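Residue numbers (the working numbering), protein chains in the order written: chain A, 1 to 458; chain B, 1001 to 1262.
Keep in mind that the hints were calculated from the coordinates and are not lab data. Keep in mind that a hint or two might mislead.
[To be verified] Label pairs and their calculated CB-CB ranges:
| hint | chain 1 | residue 1 | chain 2 | residue 2 | range |
| --- | --- | --- | --- | --- | --- |
| 1 | A | ALA410 | B | ALA1039 | 34 to 42 Å |
| 2 | B | ASP1135 | A | LEU425 | 48 to 56 Å |
| 3 | A | ALA410 | B | ALA1024 | 19 to 27 Å |
| 4 | A | LEU429 | B | THR1158 | 56 to 64 Å |
| 5 | B | ALA1024 | A | LEU71 | 46 to 54 Å |
| 6 | A | PHE248 | B | GLU1097 | 28 to 36 Å |
| 7 | A | LEU425 | B | GLN1227 | 39 to 47 Å |
Computed from a predicted model, the values in this text were never measured in an experiment. Beta carbons: idealized from backbone N, C-alpha and C, even for Gly.
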Amino acid sequence: MPYLSPARCRVQWALQHWHARSPRALGVAEHAGLESPFHAASRPVIGRLCLAATLLALAPLAVAVEINAALTFAPTWESRASASPYEVGQGTTHNGSRQDLELRLREGGFNAQTTLRWQATEGNKPEQHGFANQAYYDGDLGPGLGFTVGKKVMSWGVGFGFRPLDVVQRENRRGVNLPALTGLPLLALERFSADSAWTLAWVRPGAELGARTGSDDSRDSSLAFHWYRLADGDDLHAVARLSHRRGFEAGLGATRVVGEEWSFHGAALYQRRYAKALNTLAENGGLLATSDPMLATTQRNGLKAVAGAQWTGSHWSVLAEAWYDADAYSRAEWQRLDALTAHQRTLAAIAPAQAIAGNIAWSSQAYLPTNLLRENLLLRLAHDNGDDFKPYAELLLTPADGGRVLTLGASHEGDRQRLTFGLRLTFGLRQLGGKPDSAYAQAPLRRAAWIEWRWALF
Amino acid sequence: MFRTLTLLLLSLVALPLQAADDVASLLKQADAYRLPAAAVRVETEVDLYRNGALDKERSYTVYMKPGRRSLILMKSPAEAGQKVLMLADQFWLLMPESQRPLRITASQKLLGEASTGDIASMTWSTDYAGSKADDVACPQPPAELSQMAGSAAPKAATRCLHLDLTAAAPGVTYSRVELYLEKASKLPVKADLYVSSGKRAKEAWYVAKTLDGQQRISSMLLLDDIQPTRRTVIRYRSIVPKDAPDEFFNPAALVRNSLSGW
């Protein structure tokens, strides 16, 4: 089975989670051991009961020490496109479910957020594991001067669907039903005044800066700097980052509020190096590979940029945002990959089926990045009349190839008490489509539906 | 004759100025019943009722400083970790999931079940201005107010001063306020709150209690005109003078947990 494993399994796994769970948040991060490992796959039920009993015992302390616990149940249903040139599986649906028991603790400068997760996806053995999303200490060195040490979520920049200046956390902003973010180990020095601030962070300090350890951005040791200033009512941001994988990155961003209803934002990031996984057969010629042909190619002088405007009335909110991501495929790169895939499918009479399926599965890794095309346009309409039910609609367009993603969703906040129990329900439906030869229309995933129940226990 | 006319003209010009000064003075006196100091920490509980039944309960810690600066920390489990920063007419929201301060507009601040302006704005004298105060009969309080106040129920209606106030600063929650103060004590009794369209959005009733020998506003009842099945009760569990450092009111500092000792 040289073509179908392990790459085949990895691609299938990733595609099942595509846009429902970020590869970085779940796939790469977990496989790379980002989370403090106390994997409990083989632990008996009594372990879970002990944890539940511990949480209940902690409840009376919640007010004094600021402890919060929440239980999340998040099933996802995915319908796959059997006609997609990149679909090699037999099934037409892939369902999954995630249950998280989350505990947050804040005492003084100490902050911890841990998760115990039970996860099941169709066709795979259920998994259980626990990890720390965050565990860090915020200390003070003097008036307005502080430090942070530990594992922390550090998000920077402006933007709704895409944030070019988010050079440390690199949050996936286009996923649905995403679990809580997992931070990165870092050591940071922070300075605050009344209207300005800066942060200097050494991210993943365990790895030597400049060493060839970074297989992806979350593994890359880096020095990162963020500067913020509130000037004449405008939020101004600047970031710089130095890492082996990207080299030097630097960017600027701003948000301006006009009147009581309008806000505008924009940001741009220059990258000395940027990388994407391209199929060497599509780029250099060839028909079938015997090992994964998707190789990371490094290119120079990349740009990421976003610009957007939002209007908020008494009950309605409208957002329009456009962005460019050099890390994503160009239209020409998709056309070359499409042509290769179509050619490979014509070889059914003369090549082993496994070889063809394996090559297509490898090519389908092109669907892993958050942005499939460089140019993206997002339109969002949301309604909030103060009721519990808050619906929204989003339309993502890729003008270069005519692709689109329509998302309809809503959130609902149920009864919630001051000290115990609260319910939040979110649900939605996402449909991919557009022109027949667009990347989204040819995606192995056709539509996804999801629900997330979140009970705040105390 | 000429001297008399001059004096008459001068007095006509001076009257509105004097009245405006009086209104400003009245507002400061009324504010003193709500905030004992310019920089405070307020522990607030909010109960939201729908069709007469308790729908939601929330808890907030609010830090306020001069210069129309407020920082709201949300304490209820479903909102734990959320923060709203208000610097005059500029607003930021921090959601714990993202750990990134999000700039929001004044309109976005008003979305949701409870306006943060009702919780974080407690001074009329810095936000509103008026030109005259009329001597009127005090409005009749609703029945819910007696239930809320319990033994501290207000006395029967007395004479009140009626102040018609307009927003004097950008970004205030309500563009116009009709405020009723007890004539003798200047204690806030009621406020009609209008949004920018001119429509009355809410009716606020104030309940005072004696704390440390001084009368203080201890709770507030909000009746919603736009969604009349709703009413909100805001209780001030404690209001203590507390001068949090300026850097805590920096939007970028919202991600830090430094306020736990304050």
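Checked hints:
no.	hint	verdict
1	A:ALA410 to B:ALA1039: 34 to 42 Å	holds, 41 Å
2	B:ASP1135 to A:LEU425: 48 to 56 Å	holds, 53 Å
3	A:ALA410 to B:ALA1024: 19 to 27 Å	violated, 47 Å
4	A:LEU429 to B:THR1158: 56 to 64 Å	holds, 59 Å
5	B:ALA1024 to A:LEU71: 46 to 54 Å	holds, 53 Å
6	A:PHE248 to B:GLU1097: 28 to 36 Å	holds, 30 Å
7	A:LEU425 to B:GLN1227: 39 to 47 Å	violated, 21 Å
Of the numbered hints stated above, those contradicted by the structure are hints 3 and 7, listed in ascending order.
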